[in-house]
Amino acid sequence: MEAVLYKSNPWWEEDYTFKGHKRDKYLKVLDAWLKNKDIIFLTGLRRVGKTSILKSFISTLIHEKDIAPKHIFYISLDLYVLDDYSIGEILDGYRKTHKLLSKEKVYLFLDEVTSKIAYQKELKNFYDLENVKIFASSSSASLLKDKNAYLTGRQRILEVMPLDFHEYLMFKDISIKKEDAHLWESYFEDYMQDGGMPEYVLSADVSYLQNLIDNIISKDIIAHYHIRNNQIVKDFYKLLMERSGKQLSFNKIASILDISVDSAKRYYHYFEETYLIYSVEKHGKLNEKIKGVNKIYASDVGLRNVTTGYRDKGAIYENLVFLKIKDLKPSYLYVDGIEIDFITQNGILLEAKYHSKLNEKQKKLFDNFKTKEKYVINGFDGFVLLDTLFT
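Just so we're aligned, residue 1 is where the sequence shown starts under the working numbering, counting upward by one.
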């Protein structure tokens, strides 16, 4: 085991500085949560950059917080060579390697922690009995659910999203001078097509995105849930991407795929659990939400575009607006067959338009609906306005 531990922790033997692009908005959150004892979980879509953020923060601990490198331990728990070891046994191996006393504080970075079945119980024991600060990651929302309440009151969850537009430009090493302001919209259209999966933004290899989709569907859905008909799951995903930004009828999906409505709902839930899609409820009272049909959005427009083709810029733009305001828990407004895209939890009404206008009926609903603020978000300038409104 010792060789694996050293290979996973190069800072034990050499000077270590993270050489990738730093995603400051996540590093700031980790830094703010550093001093409390809570276990920090990074979660989100597979390959969205969780590991890079962890390693970037390790570099911060070494160079800015003066933490001794041997007191920092990183391990990816999905390594096959560790299949027969519990997290506790791996941690014991780490402490023995450096002859660390139990009372010495260590910083644990446990990547893909949900690979270990009993991880919640083990993390609770570390939290209660040892001098540790734990950072962990998972690509599955379902596996993070604490059914036995082992970690209740002991954890904080940070969802890592695909690159936003500013991060996209940073990863592309693009900086725009004021005299070249006309280029902003051109690069924004590139972003609408590419999306924000970090490795794809750096490589521009379209096959990477398709392989990523296949990998998530095969490993995290088909294999994990023991699904026999692989093609139905793949076709289901294509239908979901085609309907990005639209209301989703399980009856219609079930009819198209020749499956039961219950199966359609179950598969849909699997896609949510892997962070491939997000749902938005209908705005209204509880009974209206329960009876209402959800709208669906892709977690990354690049994944959507590689599946459906780069078309319907209005839908892509709406999807990006949703991702921008997701943490405000938006719902959609639907009255007498007329739809307005979003109303946030704090009562801000938003309609996303990409170089188009509200039709007459939409405008009437938009103008007459009583709420504290309302905006038509249109084109690149509208997208920039979101930063002003919600930061």
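Heads up, a few of these hints could be off.
As the list claims (entries may be wrong) - Between beta-carbon pairs, the in silico distance windows are: (1) K96 to K35: 25 to 35 Å; (2) A3 to A181: 49 to 59 Å; (3) D205 to T17: 22 to 32 Å; (4) A3 to G347: 26 to 36 Å; (5) G292 to W12: 49 to 59 Å; (6) S142 to V4: 36 to 46 Å; (7) E64 to W12: 32 to 42 Å; (8) E64 to V384: 23 to 33 Å; (9) K22 to F390: 32 to 42 Å; (10) S142 to K25: 48 to 58 Å; (11) K35 to K121: 21 to 31 Å; (12) T371 to G292: 16 to 26 Å.
Read the hints as simulated data drawn from the structure, not as lab findings.
Predicted, not measured: the structure shown is a model, and the values here were computed from it.
Backbone N, C-alpha and C fix where the C-beta goes; we use that ideal spot for every residue, glycine too.
(request) For T371 and G292, compare the CB-CB distance with the range 16 to 26 Å and indicate the outcome. (result) 18 Å, holds
(request) Kindly confirm whether 26 to 36 Å is satisfied by the beta carbon distance between A3 and G347. (result) 57 Å, violated
(request) Evaluate the given range 48 to 58 Å for the C-beta pair formed by S142 and K25. (result) 26 Å, violated
(request) Evaluate the given range 21 to 31 Å for the C-beta pair formed by K35 and K121. (result) Check passed, 25 Å falls within 21 to 31 Å.
(message) Between the beta carbons of K96 and K35, is the distance compatible with 25 to 35 Å?
(response) Cβ of K96 to Cβ of K35: about 28 Å, so the range 25 to 35 Å holds.
(request) Note whether the CB distance of K22 and F390 lies within 32 to 42 Å or breaks it. (result) 23 Å, violated
(request) Could you tell me whether the CB distance from D205 to T17 stays inside 22 to 32 Å? (result) 27 Å, holds
(request) Mind checking the hinted window 32 to 42 Å against the Cβ distance between E64 and W12? (result) 19 Å, violated
(request) Take the C-beta atom of S142 and the C-beta atom of V4, compute their distance, and say whether it sits inside 36 to 46 Å. (result) 28 Å, violated
(message) For the hint 49 to 59 Å, verify it against the beta carbon of G292 and that of W12.
(response) For G292 and W12 the Cβ distance comes to about 54 Å; the hint holds.
(request) Mind checking the hinted window 49 to 59 Å against the Cβ distance between A3 and A181? (result) About 53 Å separates the Cβ atoms of A3 and A181, which means 49 to 59 Å holds.
(request) Evaluate the given range 23 to 33 Å for the C-beta pair formed by E64 and V384. (result) At roughly 31 Å between Cβ atoms, V384 and E64 fall inside 23 to 33 Å, so the hint holds.
Checked against the numbered hints above, the structure violates hints 4, 6, 7, 9, 10; every other hint is satisfied.
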